[in-house]
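S.K.: Modelling step: build the complete structure from the supplied sequences, incorporating the hints.
Here the protein sequences come in this chain order: E and V.
Under the working numbering, the residue at position 348 of the first sequence is numbered 348, and the numbers go up by one with no gaps.
All you need for the working numbering is the position in the second sequence, starting with 1, plus 1000.
What the hints contain is simulated information worked out from the structure, not anything from laboratory work.
Careful: at least some of the hints might be erroneous.
[What the hints assert, rightly or not] Quick partial rundown of chain E residues pointing at chain V, CB under 10 Å, derived from the structure:
| hint | residue |
| --- | --- |
| 1 | 197 |
| 2 | 406 |
| 3 | 407 |
Glycine is no exception: its CB is placed at the ideal position from the N, C-alpha and C atoms.
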Amino acid sequence: MPIINMPIFNVPMFKKSALALALAAGTTMAASATEANEVEVLHWWTSGGEARAANVLKELMEAEGYGWQDFAVAGGGGETAMTVLKSRAMSGNPPSAAQIKGPEIQEWGELGLLGDLDDVATAEGWNDLLPETVADIMRHDGHYVAVPVNVHRVNWLWANPDVLEAAGVEMPTTLEELFTAGEAIREAGFVPLAHGGQAWQDATVFESVVLGSQGTEFYQQALVELDPEALGGEQMIAALEDFKRLRELMDQGMSGRDWNIATAMVIEGVAGFQLMGDWAKGEFTAAGLTAGEDYLCAAAPGTENAFTFNIDSLAMFRVTDDAERDAQQTLARLVLEPTFQEAFNLAKGSIPARPDLDMSEFDRCAQQSLADFQRTADEGGLVPSMAHGMAVRADVQGAIFDVVTNYFNDTTMPAEQAAQRMVNAAKTASF
Amino acid sequence: MSESTTRTAARPTASGWLQAWLPRLVLAPSVAVSLFFVYGFMLWTFVLSLTSSRMLPSYDFVGFGQYARLMANDRWWVASTNLMVFGVLFIVICLVIGALLAILLDQKIRQEGALRTIYLYPMALSFIVTGVVWKWLLNPQLGIQAMVQSWGFESFRFDWLVNPDMAIYTLVIAAVWQASGFVMALFLAGLRGIDDSIVKAAQLDGASLPRIYWRVVMPCLRPVVFSAVMILAHIAIKSFDLVVALTGGGPGYATDLPATFMYTHAFNRAQIGLGSASAMLMLGGVLAILIPYLYSELRSRKHG
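M.R.: Structure, rendered in structure tokens:
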């Protein structure tokens, strides 16, 4: 078993072992020794399609003669998985690879726990393969420590064409058009915008509105760089007001509703639109619908030149054993190879992390997504999703969520106050 | 111990030693384990609350900085206020309903056993089940509101679950539904333990039934009320699953309680230091209730 030197644990020995003991008791899985030529991968691809997708990687690994130990932890958002991972890491026995994404990669990197993948990256030419924005996230301190698995686009608008037809409206391309279309849909007797009132869903809609209402540059300043002037300024107030107006397009029962139930409302023709990332496509596909015919997809109103990404990635933990490192490097190489990228993303509903693949197998929405991914990567419209933990660290993200969801649900709070709270959130979240 | 062993023991002092120490030896592991896992971890949480720990524990001490941050945190105050509102209403309503049910059941009615089971049954469910059931019942488009409206009362509104100002009361409704049967059982046991002759004496004195209950029976039930309050209070402080299942803390974070606050910050938001600080304050809340209780328990034991 690799003994990992963790600088953070310069504490008396008894505390360390006590901790390990306690945490091992708390994890769902007893610490298991990994064979040298085996990788243990912690992930939360546990739903039907996802598990099939992960299995592709397992088979590829086994075909190359390596073992694969599955360490799947259920729980869609990966919160449970992260808790388990933390306890494994604290007890000095992290898995070889784990599904870690966004700025969290940097946090793990700072703890000195991640191993580098520069050899594979150089051999495979990742620098040319990946858009710079994406590659940046995969690197800590200039070294590759993680490999992207897929790209989700968050700023999507989904629609039911029958509802749109009944109300006599077209797919909206601006926020104003969305409001007008929404009114017509309501008058035709449907819910205009299906939504689930959970903090992360509120934030998902919010970031699309910020992007659509104020543009990429502002989005970057406010939600990625956390510039206080942008966060508290006129533009943010305008975006917040647009965001609040969307509430009028939603139904009363949205509170606490899960996102897939909101998607089901669009599928069943109860609601016209939904603003949600492209994992919603999994629901449409599961209902047997065809993209472009039975359901429509378009960039969230006003964001056709932007792409909010949510990238799943596998980060590699530092190992001392050469054979184990070899297995990790192979895993990293296979993840970016076309075979896996295509199989995995077809099953998951996302698009490949490398923009050079043949997309003929993919549906219309995924094809558009990849085309937009490439285009925005060149033109500078590629931005990380705040709502999905790609832009800011978990604590800042949480504080922004609090403001967004509180403002959205509070009928009396003025936008100016929410903007001010946004500034405070960015400032006080970090210690 | 058998006679032969005592006789074969070379020195009676050894067997005496064993007799004196055996219970302690048997108990030692469990005492050690609880000292370590309960008190040790409380202490560790306190230590963490003094550090700047974020994603993983670190030992970079920042004094009471985390407590200061907690005090400056809007959401913490929402959670604490919610706990006050929820706790007080939950305890008082449970006591009132529980006492009334017990008094009514105590009237020597038929099928008492069946009724008692019906009232007590919700306690057998977990708060998760309760939460999910009430989530559907209170959903304005599926539950009670939709049903009454479909009867023709179009203007009927019962949308507390989605109203940030009222959502906390839906937690009270569900929790009371769950726990009042249990309080009833406590009271019923207490009522059955009261000496008949006191009540008969009061009746002979011409006291009315409500008066007898209020002036004679209730004072006898003081210890029951006390235990009920203790149990309900710590159910209230620990409430976590009900919030998660019923409202998910929403709308917004309007129904956040300290327990959900702690979980969110320590485990989802990489703020272990802040989460530990809030856990310590919750522990303080529990102690504030527990210490007077233990004090009174131990004191009454001493006085017989």
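S.K.: List, from low to high, the hint numbers that the structure doesn't satisfy.
M.R.: Of the numbered hints given earlier, the structure breaks none, since each of them holds.
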